[in-house]
Amino acid sequence: QVQLVESGGGLVQPGGSLRLSCTASISIFSMNQLAWYRQAPGKQREMVASIAGGSGHKWYPDSVKGRFTVSTDSTKNTVDLQMHSLKEEDTAVYFCFAIKLGQGDFWGPGIQVTVSP
Numbered sequence: 001q002v003q004l005v006e007s008g009g010g011l012v013q014p015g016g017s018l019r020l021s022c023t024a025s026i027s028i029f030s031m032n033q034l035a036w037y038r039q040a041p042g043k044q045r046e047m048v049a050s051i052a053g054g055s056g057h058k059w060y061p062d063s064v065k066g067r068f069t070v071s072t073d074s075t076k077n078t079v080d081l082q083m084h085s086l087k088e089e090d091t092a093v094y095f096c097f098a099i100k101l102g103q104g105d106f107w108g109p110g111i112q113v114t115v116s117p
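All residue numbers in the sequence shown are consecutive under the numbering used here, ending with 117.
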């Protein structure tokens with residue numbers, strides 16, 4: 001069983017920045033895919049960033065492209081989400097997600113990000 005735990009959330013003003021980290025119980029480099037999702041109240045969960053194992057290919061939806069950056073940190077064994085120019089509509093619970101072939105899909109418990117004046 002893979003365990004994921006998010007950290008770094010909180011309250012930030014519009015235009016501000018925040019960095020989320022996701023720590024895994026096993027090597028993140030053994031994962032086939034890593035991603036960040038978010039879910040705002042009353043809305044469906046949506047992917048905001050992903051990084052493919054092996055190729056390292058990254059993907060972002062248009063809503064966050066140019067503002068969010070996903071990366072991995074080998075020394076800390078984390079997958080991080082750097083968020084800049086935050087908007088009120090970025091307010092949501094953010095989830096770390098991983099796929100490990102042969103073991104399944106795994107989610108972190110989620111962390112709140114609130115963007116408010």
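Honestly, the hints are just simulated from the structure, not real lab data.
Wrong hints could be hidden among the right ones.
To be verified - Think about it this way: if two alpha-carbon atoms lie no more than 20 angstroms apart in a straight line, the pair counts; the simulated EDC-like pairs of lysine to aspartate or glutamate are: (1) Lys100 / Asp73; (2) Lys43 / Asp62; (3) Lys43 / Asp73; (4) Lys58 / Glu88; (5) Lys65 / Glu88.
Said to hold, decoys possible - Label-pair distances were calculated between CB atoms; the ranges are: (6) Ser63 / Arg19: 27 to 37 angstroms; (7) Pro117 / Ser55: 17 to 27 angstroms; (8) Gln1 / Pro117: 38 to 48 angstroms; (9) Gly16 / Gly104: 13 to 23 angstroms; (10) Gly104 / Asn77: 30 to 40 angstroms.
Every residue, glycine too, gets a C-beta built ideally from N, C-alpha and C.
Which earlier hints can't be squared with this structure? 3, 4, 6, 7, 9 and 10
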